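Residues in the sequence shown are numbered consecutively from 1, following UniProt numbering.
Please keep in mind that the hints were generated in silico from the structure rather than gathered at the bench. In this text, all values refer to a predicted model and were calculated from it rather than measured experimentally. A portion of the hints provided could be inaccurate.
To be verified - Each computed DSSO-like pair below joins lysine-lysine, with the alpha-carbon atoms no more than 30 Å apart: (1) LYS173 to LYS286; (2) LYS286 to LYS37; (3) LYS173 to LYS37.
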Amino acid sequence: MKVPCVRRDGLLVLDKPPGLSSTQALAQARHRLRACKGGHTGTLDPLATGVLVLCFGEATKAASFLVDSDKRYRVAITLGVSTTTYDREGEVVARRPVTVSDAALRAAVGRFIGRIDQTPPRFSAIKQDGRPFYERARRGDEARPASRSVVVTGIEIIDREDMMLTLDVACGKGFYVRSLAHDLGEALGCGGHVAELRRLAVGRFTLDQAVALTDVGPDTALLESDAALTGLPSVVLPGFLARAVMRGQGVHIGGREQEGWVRLYDDSGVFLGVGWSAAAGEIRPKRLWIGAPGHVEPMDARG
Numbered sequence: 001m002k003v004p005c006v007r008r009d010g011l012l013v014l015d016k017p018p019g020l021s022s023t024q025a026l027a028q029a030r031h032r033l034r035a036c037k038g039g040h041t042g043t044l045d046p047l048a049t050g051v052l053v054l055c056f057g058e059a060t061k062a063a064s065f066l067v068d069s070d071k072r073y074r075v076a077i078t079l080g081v082s083t084t085t086y087d088r089e090g091e092v093v094a095r096r097p098v099t100v101s102d103a104a105l106r107a108a109v110g111r112f113i114g115r116i117d118q119t120p121p122r123f124s125a126i127k128q129d130g131r132p133f134y135e136r137a138r139r140g141d142e143a144r145p146a147s148r149s150v151v152v153t154g155i156e157i158i159d160r161e162d163m164m165l166t167l168d169v170a171c172g173k174g175f176y177v178r179s180l181a182h183d184l185g186e187a188l189g190c191g192g193h194v195a196e197l198r199r200l201a202v203g204r205f206t207l208d209q210a211v212a213l214t215d216v217g218p219d220t221a222l223l224e225s226d227a228a229l230t231g232l233p234s235v236v237l238p239g240f241l242a243r244a245v246m247r248g249q250g251v252h253i254g255g256r257e258q259e260g261w262v263r264l265y266d267d268s269g270v271f272l273g274v275g276w277s278a279a280a281g282e283i284r285p286k287r288l289w290i291g292a293p294g295h296v297e298p299m300d301a302r303g
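Go ahead and model the full structure; you've got the sequences and the hints to work with.
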């Protein structure tokens with residue numbers, strides 16, 4: 001007998017187990033929660049573990065804000081061995097001796113900190129003409145994704161023992177740890193690939209908050225939807241303006257000069273949704289939460 005789903009609104013910080021894609025981990029968590037609607041906020045490779053923030057119900061409207069969040073990883077890199085996928089699951093394409101001094105390693109790592117150009121792996125989900133590059137790579141196509149500018153805010157050498165190197169990496173959106181492992185190995189003249197990868201944090205969400213997939217069930221508590229938006233300034237609207245916003249109408253308030261996304265609340269502290277703060281103090285509703293007081297699902301409030 002099929003178990004009916006229920007509406008669940010909120011966030012779940014999952015400690016993704018190895019061997020599952022992000023989509024598979026989401027599907028299993030959604031089934032365990034019996035949630036009708038869900039989405040994830042950034043892909044983790046199947047071999048990777050760690051923080052995967054899942055959004056359910058109305059919280060899926062906040063997913064795009066988390067996709068762009070900074071991230072932290074701990075990665076174990078095997079030096080001296082290069083693979084097709086830049087990780088341990090690929091075919092070995094080269095083996096070279098590792099004769100790198102600690103000083104040379106520190107110097108090489110330092111060149112990957114800051115704003116750098118990085119080419120994503122051929123085996124990646126990036127799409128060209130509607131098709132992911134990993135499909136092309138599996139057919140033997142040598143096409144590669146275009147290089148992109150990414151930001152690395154820090155790399156710390158945690159341990160080095162023989163061919164194994166462990167790093168902590170703090171980075172911005174669009175960064176590929178597999179490319180770092182490959183490119184660093186090439187810079188050292190010996191090659192390298194990811195042996196283990198664990199995501200430590202996505203924005204403000206860390207492993208300390210993460211729940212194991214096996215512990216997720218119908219009674220698992222979810223974080224409030226606006227927990228995904230704490231990086232945005234908040235605007236509290238008095239009753240009559242809150243009601244207008246929930247009808248999809250723009251409103252004017254004083255005291256705001258900067259443009260940008262804002263969290264919207266009514267004067268009793270109820271979260272209403274996300275708006276855009278435009279010039280001259282205008283607040284335009286963009287993503288309203290169904291179930292918030294006064295919500296009538298207006299056409300011009302969607303998007």
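Hints, verified against the model:
1. At roughly 23 Å between alpha-carbon atoms, LYS173 and LYS286 fall within 30 Å of each other, so this suggested pair holds.
2. Taking the CA atoms of LYS286 and LYS37, the gap is about 20 Å. The hint holds against a cut of 30 Å.
3. With a C-alpha separation of about 25 Å, the suggested pair LYS173 and LYS37 falls inside the 30 Å cut-off, and the hint holds.
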